[in-house]
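Visitor: Chains as they are written, first to last, in our numbering: chain D, 1 to 203; chain S, 1 to 213; chain R, 1 to 295.
Bear in mind the hints are in silico, worked out from the structure with no lab data behind them.
Think of the CB as a built atom: it goes at the ideal place given N, C-alpha and C, for glycine as much as any other residue.
Be aware that one or more of the hints could be misleading.
With a Cα cut of at most 27 angstroms, we get these calculated DSSO-like pairs of lysine-lysine [what the hints assert, rightly or not]:
1) K129(R) - K260(R)
2) K133(R) - K76(D)
3) K67(S) - K182(R)
4) K151(D) - K133(R)
5) K260(R) - K49(R)
6) K129(R) - K76(D)
7) K102(R) - K182(R)
8) K291(R) - K25(R)
9) K102(R) - K287(R)
10) K260(R) - K151(D)
11) K49(D) - K67(S)
12) K51(D) - K31(S)
13) K254(R) - K287(R)
14) K287(R) - K25(R)
15) K87(S) - K49(D)
16) K76(D) - K86(S)
17) K254(R) - K49(R)
18) K133(R) - K49(R)
19) K51(D) - K86(S)
20) K254(R) - K129(R)
21) K102(R) - K129(R)
22) K182(R) - K133(R)
23) K49(D) - K31(S)
24) K102(R) - K254(R)
Label-pair restraints from in silico Cβ distances [what the hints assert, rightly or not]:
25) H154(D) - M1(S): 47 to 55 angstroms
26) G130(S) - D85(D): 32 to 40 angstroms
27) G184(D) - I209(S): 20 to 28 angstroms
28) W10(S) - G286(R): 46 to 54 angstroms
29) L162(S) - L35(D): 36 to 44 angstroms
Per the computed footprint, the stretches of chain S lying under chain R, defined by three or more beta-carbons under 8 angstroms from a beta-carbon of chain R, are [unchecked claim]:
30) 112-120
31) 194-202
Residues per chain, in single letters:
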Amino acid sequence: MIVAFFFNPERSFVGGLESEVLSWVTIVGGFTLLLGVVSLVRVNYSAVKRKSEDWIFKLATLISVFVMAIPAILPKNVSSLFGRDVGSIYDWLFNYVDAPMMSTMFAMLAFYIASAAFRAFRARNAEATLLLVTATLVMLWRVPMGEIALKSIHANLPYLINTYIMNGANLAVQRGIIIGAALGAAAMSLRIMLGIERTYMGK
Amino acid sequence: MNLVDFLQIWIIAFFTLSLFSFLYRDNPFYKLAEHIFAGLSAGYYVGLIWHSIILQQMINPMFDNGKWYLVFPGLLGVLMFSRFFKKYHWISRISLAFVMGNTAGIFLLSELHGKVLPQMQSTMNSLVPGRGVGGYILGLIVVVGVLSTLLYFYFSREHKGLLGGTAKVGIWFIMVSFGAHFGYTVMARISLLIGRVQFLINDWCGSIIGLFS
Amino acid sequence: MQIWLIPAYILLILTGVFLLYLAFKTEDRRYIYLAVAFYVIFPVLITLKLPIDISPEARQLYDAVESLPDSSTVLLTFDYYPSTVAETEPMSRAALRHLFGKDCRVLTLTTVPLGGPSIAERVTREIAKEFGKVYGVDYANLGFKYNYVAVLKGMGNSIEAIYPADNSGTPLSEIPMMADIKNYNDIDFIFLVSDNGVVDYWISIVNAQYGIRVGSGVTAVMAPKFYAYIGSGQMTGLLGGMKGAAEYELLVHKPDTAVKGMTAQSLVHLFIILSVIAGNIVFLSGKRRRKRGAA
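Model the full structure from these sequences, guided by the hints.
Guide: In structure tokens form, the structure reads like this:
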């Protein structure tokens, strides 16, 4: 990968080699997603077998896995309900059961953040006060009613918030974090390549 | 609205309200919805990997285009499952090493070339003359902010003296940025709730009203 | 604006204040949940039309797409999970309307395994129908491949090496529009819609090494980070959260769910600000009382 970076892929054999290696990586990596599924089935199966607490719900999990997976792997030329195309069981279960539930799980966070704002966000010191004041200004700036309120104080206030808070202080801090994190990632990559870092292998 | 659409909306509404019921207290409807969600998500991965990876990238090229060498990445992928056997789990390290080595090679250069250098270049260009007073003040804020933030995260030396003072300035910049983050995060969470409520009011309640009209 | 809306909204605000008072008195957070629910449900039922200012970053993205020659090829990504569709799907819809309106060829893909391919399929087909666009000629969905770093890097050489077939399993060689789209050299603009960190790699791998302009719509949680890329010129335009989606919907002259959600967004924000201020007033006055008592 490092050598290929310095070659024009269209003019050297390195490009073709790089393409092949990268397609191999996508194949190998795809199997890692299945590891999680196998693990889930194993854990829930043993819980159902032992009839542990809430085993009936774990049975529902197991049934859901197979109801979703089996029709998806069966050939679509046998029935339009099989496979992954629009109108299949797989597609229907995803669009009408799985996806809405995923959306709802995250939607509940709105209530928790409101509760946290009410109970926990206290201006205990100068830094926390600065954080809260900035948060309040940004929360007002990002909604139409808030923008109207800010403009009533000063017509240019939304512009000043965008320029000096978002494109000023925030940009500077994010840039510092990006530089630091990127240097860290590059250092970690070097350590992996030199064999110094082996935590990913479980050591 | 036909019967199929009506049933579909009611199924979505049932699971949505089951999950929301947790806000009042934990109950069997919530538990059922949660466990079904986990199962369906896992099942989704199986269908996706079977079609996108195993069929499209391995089996079809092998049989249709004669690319028999693709059995090797397939083998490497299958070796991942040796993790489930205590005696043979070390075999999975071969596959992991292949993926990690490739990713490390890409990251080493892309992080430096694609993030560090452009960001440093842009910071240095912030104080280029010819931007007016406002532009110069903004450039100064950016340069001071970047340097003080980087120095704040330098923990190899104790934050005393000049380093300590600069780190203190960095904290103030970080508080402003985190405040902005918090404001945006609140916005994000509320938006997700608005999406679900729009479905419940427009589609679900709409289907109920449709029954009587 | 209808005159009866004013007392209705005043009553709503007073209800929220009363629920906040009850939450303080009883220390039961479920009153807060109830207030949030009120402030979201009411505006969805009775929407107030509010003026929405267009941010410079959204304008920059819109202008970048608008300046593309008609029948350009644009790569539109659906890099988001179903959990964030409320913020990101309106961006995808508005982007597709803009691109199809300009007769651009749209190539879609996703690096998100859970739901990305299905969402891409559903949304593109729905919007394509509005414009009479034909699959395989005007748009194609490549689907998902694992390991986004390898995918992003690999498409620089050959898209077909990474995606031998589209999401439905049709070989790329059988898709008419893919005849002259071989790698990034044949793509004119990349429009990312994402809710995760893959945007960083589109910038550091694709934009940095192949020089293609990248614009993005991201969830509000991620948006503050990408101002750094806007400032360095690595990203051309940014839509942040539902407000960003609403801005783009207005720019393409098709207000949809994001614009409608802005009233509820405004009310809940004001309620949260009120809770924070009220909570801090109670906290600081209690602190002062304790100090006086100790003295």
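Visitor: Does each hint fit the structure? Answer for all of them.
Guide: Quick rundown of the hints versus the structure:
| no. | hint | result |
| --- | --- | --- |
| 1 | K129(R) - K260(R) | holds, 23 angstroms |
| 2 | K133(R) - K76(D) | holds, 25 angstroms |
| 3 | K67(S) - K182(R) | holds, 20 angstroms |
| 4 | K151(D) - K133(R) | violated, 43 angstroms |
| 5 | K260(R) - K49(R) | holds, 8 angstroms |
| 6 | K129(R) - K76(D) | holds, 24 angstroms |
| 7 | K102(R) - K182(R) | holds, 22 angstroms |
| 8 | K291(R) - K25(R) | holds, 23 angstroms |
| 9 | K102(R) - K287(R) | violated, 61 angstroms |
| 10 | K260(R) - K151(D) | holds, 22 angstroms |
| 11 | K49(D) - K67(S) | violated, 43 angstroms |
| 12 | K51(D) - K31(S) | holds, 16 angstroms |
| 13 | K254(R) - K287(R) | violated, 51 angstroms |
| 14 | K287(R) - K25(R) | holds, 18 angstroms |
| 15 | K87(S) - K49(D) | holds, 25 angstroms |
| 16 | K76(D) - K86(S) | violated, 38 angstroms |
| 17 | K254(R) - K49(R) | holds, 15 angstroms |
| 18 | K133(R) - K49(R) | violated, 32 angstroms |
| 19 | K51(D) - K86(S) | holds, 25 angstroms |
| 20 | K254(R) - K129(R) | holds, 16 angstroms |
| 21 | K102(R) - K129(R) | holds, 15 angstroms |
| 22 | K182(R) - K133(R) | holds, 22 angstroms |
| 23 | K49(D) - K31(S) | holds, 19 angstroms |
| 24 | K102(R) - K254(R) | holds, 15 angstroms |
| 25 | H154(D) - M1(S): 47 to 55 angstroms | holds, 50 angstroms |
| 26 | G130(S) - D85(D): 32 to 40 angstroms | violated, 58 angstroms |
| 27 | G184(D) - I209(S): 20 to 28 angstroms | violated, 56 angstroms |
| 28 | W10(S) - G286(R): 46 to 54 angstroms | holds, 49 angstroms |
| 29 | L162(S) - L35(D): 36 to 44 angstroms | violated, 50 angstroms |
| 30 | 112-120 | holds (count 5) |
| 31 | 194-202 | holds (count 7) |
Hints 4, 9, 11, 13, 16, 18, 26, 27, 29, counting from the list given before, are not met by this structure.
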